[in-house]
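Each chain, written out:
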Amino acid sequence: MANRIPRVPAREQDPATRAANFKEVCYGYDLAEATAEASRCLHCRNPRCVAACPVGLQIPDFIAALREGRLADAAAVIARDSSLPSICGRVCPQETQCEGACVLGVKGEPVAIGKIERFIGDWSLEQPGTPAAAPAPRNGRRVAVVGSGPAGLACASDLAKMGYGVKIFEALHEVGGVLVYGIPEFRLPKERIVAREIEAVKRLGVEFETDVIVGRTVTVDSLLDEEGYDAVFIGSGAGLPRFMGIEGENLNGVVSANEFLTRANLMHACDEAYDTPIRTGRRVVVVGGGNVAMDAVRTARRLGAEATIVYRRSEAELPARAEEVHHARQEGIDFRMLTNPIAVLGDERGWVRGLRCVEMELGEPDESGRRAPVVKPGSEFEIACDAVIMALGTSPNPLIASTTGGLETTRRGCIAASEEGATSREGVFAGGDAVTGAATVILAMGAGRRAARAIDDYLKQK
Amino acid sequence: MFTILEKRLLAENIYSMKVAAPRVARAALPGQFVIVRADAVGERIPLTIADYDAREGSVTIVVQTLGVSTRKICALEAGEALADFAGPLGRPSEFVHLPVEELQKRRFIFIGGGVGTAPVYPQVKWLHEHGVGADVIIGAKNASMLIYTEEMRAVAARLYIATDDGSAGFKGLVTAQLEALAAAGSRYDECVAIGPMIMMKFVALTTKKLGIRTTVSLNALMVDGTGMCGACRVTVAGRTRFTCVEGPEFDGHEVDFDEAMRRQGMYRTQEQRAAAIAAERAAGHQCKIGLDR
Chain A
1 MANRIPRVPA
11 REQDPATRAA
21 NFKEVCYGYD
31 LAEATAEASR
41 CLHCRNPRCV
51 AACPVGLQIP
61 DFIAALREGR
71 LADAAAVIAR
81 DSSLPSICGR
91 VCPQETQCEG
101 ACVLGVKGEP
111 VAIGKIERFI
121 GDWSLEQPGT
131 PAAAPAPRNG
141 RRVAVVGSGP
151 AGLACASDLA
161 KMGYGVKIFE
171 ALHEVGGVLV
181 YGIPEFRLPK
191 ERIVAREIEA
201 VKRLGVEFET
211 DVIVGRTVTV
221 DSLLDEEGYD
231 AVFIGSGAGL
241 PRFMGIEGEN
251 LNGVVSANEF
261 LTRANLMHAC
271 DEAYDTPIRT
281 GRRVVVVGGG
291 NVAMDAVRTA
301 RRLGAEATIV
311 YRRSEAELPA
321 RAEEVHHARQ
331 EGIDFRMLTN
341 PIAVLGDERG
351 WVRGLRCVEM
361 ELGEPDESGR
371 RAPVVKPGSE
381 FEIACDAVIM
391 ALGTSPNPLI
401 ASTTGGLETT
411 RRGCIAASEE
421 GATSREGVFA
431 GGDAVTGAAT
441 VILAMGAGRR
451 AARAIDDYLK
461 QK
Chain B
1001 MFTILEKRLL
1011 AENIYSMKVA
1021 APRVARAALP
1031 GQFVIVRADA
1041 VGERIPLTIA
1051 DYDAREGSVT
1061 IVVQTLGVST
1071 RKICALEAGE
1081 ALADFAGPLG
1091 RPSEFVHLPV
1101 EELQKRRFIF
1111 IGGGVGTAPV
1121 YPQVKWLHEH
1131 GVGADVIIGA
1141 KNASMLIYTE
1151 EMRAVAARLY
1161 IATDDGSAGF
1171 KGLVTAQLEA
1181 LAAAGSRYDE
1191 CVAIGPMIMM
1201 KFVALTTKKL
1211 GIRTTVSLNA
1221 LMVDGTGMCG
1231 ACRVTVAGRT
1241 RFTCVEGPEF
1251 DGHEVDFDEA
1261 MRRQGMYRTQ
1271 EQRAAAIAAE
1281 RAAGHQCKIG
1291 LDR
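Line order of the protein sequences matches chains A and B.
Every letter in the first sequence is one number past the one before it in my numbering, and letter 192, counting from 1, is 192.
Every letter in the second sequence is one number past the one before it in my numbering, and letter 120, counting from 1, is 1120.
None of these hints come from the bench; they were simulated from the model.
Please note that a few of the clues may not be correct.
[To be verified] Coverage of chain A stretches by chain B, computed from C-beta distances (three or more under 8 Å per stretch; other residues unrestricted): (1) 19-28; (2) 170-181; (3) 245-256; (4) 274-282.
[Said to hold, decoys possible] Cross-link-like lysine to any residue pairs, in silico, SDA-like; alpha carbons within 25 Å at most: (5) B:1072 x A:167; (6) A:167 x B:1057; (7) A:167 x B:1251; (8) B:1072 x A:271; (9) B:1007 x B:1142; (10) A:202 x B:1159; (11) B:1072 x A:270; (12) A:167 x B:1003; (13) A:190 x B:1083.
Every value quoted in this text rests on a predicted model; they were computed, and no experiment measured them.
Every residue, glycine too, gets a C-beta built ideally from N, C-alpha and C.
Whole structure, please, built from the sequences with the hints as guidance.
Here it is in structure tokens:
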């Protein structure tokens, strides 16, 4: 029986070595390993993995094609539903999506769908000049896409495949959004993977213009009225980093994870050849438990710091991908669960010298369904540190909503959009973190793809 | 790439550069800034807009060489190009949204200190073009460090010059000049001060005493300039604000200048080290004490 074969482990860099470099942690499967892992799939009649995938990848189909050695077919199956398999294979929270639904996981280990997807995606990138999908003949309509992150890239490539002329406007100097400024090299290699996935989008005929801040340099209205676009998709991402609002948060040495990671990733501050400075400190505390917190703490570790995670709930509630938490532990990250900062402490020069915290315990479930952390009375204590990184999520950037006529926002300030991406403004669509608040690459990609279909429907009727 | 159309030396280590940036030129308003990156390995740094011409598609910036990045920008000549020039960023000055009749009733005093004189110019020019007169004080260390005097004279109602050593105009700081004007009977409703943080701090203290509403433009550290990083946080009226998206202009009487000045120095150690390495490299010197590592 196929399910007697144990899950094929993916080779990884040794933890002690990788804690001092930025090379990718996981080497992934080779053909033999991927094929062996593919043979574990039971090909369920009602594949729960497909239902659990935000973009509905036909998982059993690409696994079957791989097992039979038809790699091009496997790649084609994925390309129908996803434009970024090498990226999603690396950064999706598979344990709560496809792999979490895999029948094999009930009694043993689920099929390593993410690692298989990654293998096929990487194989595909290696095939010169054969785009997974060819651009369609131009239909004469033009769509502007705001933001070159996962939502924008997915929306743009689908629209290009349908024959639309697409231009992506990016605020930063480099395209890729969170894939470039947020997720570190050791989790998602920039040149080998991200740049090539973007290259593939360019081959579909999608154009890019960097240094354009929609809401400032141009507006959604000017794109529609003056530049002649027939529709606009807003995939502008998450927004402004949140802070706790505690005393001492503006001391020198306290930064947002966004700032820390942007310096390290987008600006290459860890590389002497680049001009942007970064300050890590000797003892760093990262506040938060999501993927961004894990990325920040592991980056700090790689820059030589003693690095600690402080999280107010327990390990079971950590929102980060299980693999990242596992890798972080292996790399020597100290985890302090059920701990919440109440003040940042400074020295006489205004620099961080520590973090005052309280211990928490889990009480009744809150609106998120998770048990709410409550303060243990009299549990105050201090952690000595010389840098604090706040990884508490983001709040919506009001820039586009406030400069676009008739664009409604939700109570939380996100752009209000239907499941298909339609906003309150005709011809304007939105998706990804700009609509949902900080979420995942795959959800943003799914939203971008649904919006592409909705834009197509809208423009066909117009 | 954004081509430098024109470059001028305004004073020692202060250059103006007219840059071809049609989109920025079309959208720019007084009070806004740009993020500039000299080359592919450069830092993103915020610089104030000194002038813009939508028809020509050009934006003028004034840069003082302070560190590695500003030096790199200033080393470029006309005909060469900046890698990135993104903007206009920040909120425009409040007055551009107000009715002109309302503005004509207000008595404005603008104060520009050093290189901060440059971003004062588009504000005074805008008011001038809308029929609103404004007085201006320009301050500098000495006569040779004064910039934008002729441009300003053309748009200001009255122009006052203050130098620390008295080599031009009033001898003393801009705050002393302002107090002298007040003592002589000049009355103002609104002050806009742009310059070094320490100057803005003392202007705000002075205008508080004189009862003049005051706006300052903060030059905080930034990475992206679009609200994403939070490096530019500043405390205004006890609340944390992001300079890039909520500023750069704030109520000068509410800004925590001491914190803002401290935060500006957050990367000073790294910057000094980078400057030392750059100087060594420029001298063709192989570092033996490990500064380049």
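Quick rundown of the hints versus the structure:
1. 19-28: violated (count 0)
2. 170-181: holds (count 4)
3. 245-256: Result for this restraint: holds, n = 7.
4. 274-282: holds (count 6)
5. B:1072 x A:167: The given pair, whose Cα atoms are some 32 Å apart, is violated under the 25 Å limit.
6. A:167 x B:1057: holds, 22 Å
7. A:167 x B:1251: Measuring from Cα to Cα gives roughly 39 Å; hence the hint is violated.
8. B:1072 x A:271: Within the cut-off at roughly 18 Å; holds.
9. B:1007 x B:1142: The given pair, whose Cα atoms are some 23 Å apart, holds under the 25 Å limit.
10. A:202 x B:1159: Status violated; Cα separation ~54 Å.
11. B:1072 x A:270: Roughly 20 Å separates the two Cα atoms, so the pair holds.
12. A:167 x B:1003: OK: residue 167 (chain A) and residue 1003 (chain B) at ~23 Å, within 25 Å.
13. A:190 x B:1083: Satisfied, since the Cα-Cα distance of roughly 20 Å is no more than 25 Å.
Checked against the numbered hints given earlier, the structure breaks hints 1, 5, 7 and 10 and satisfies all the rest.
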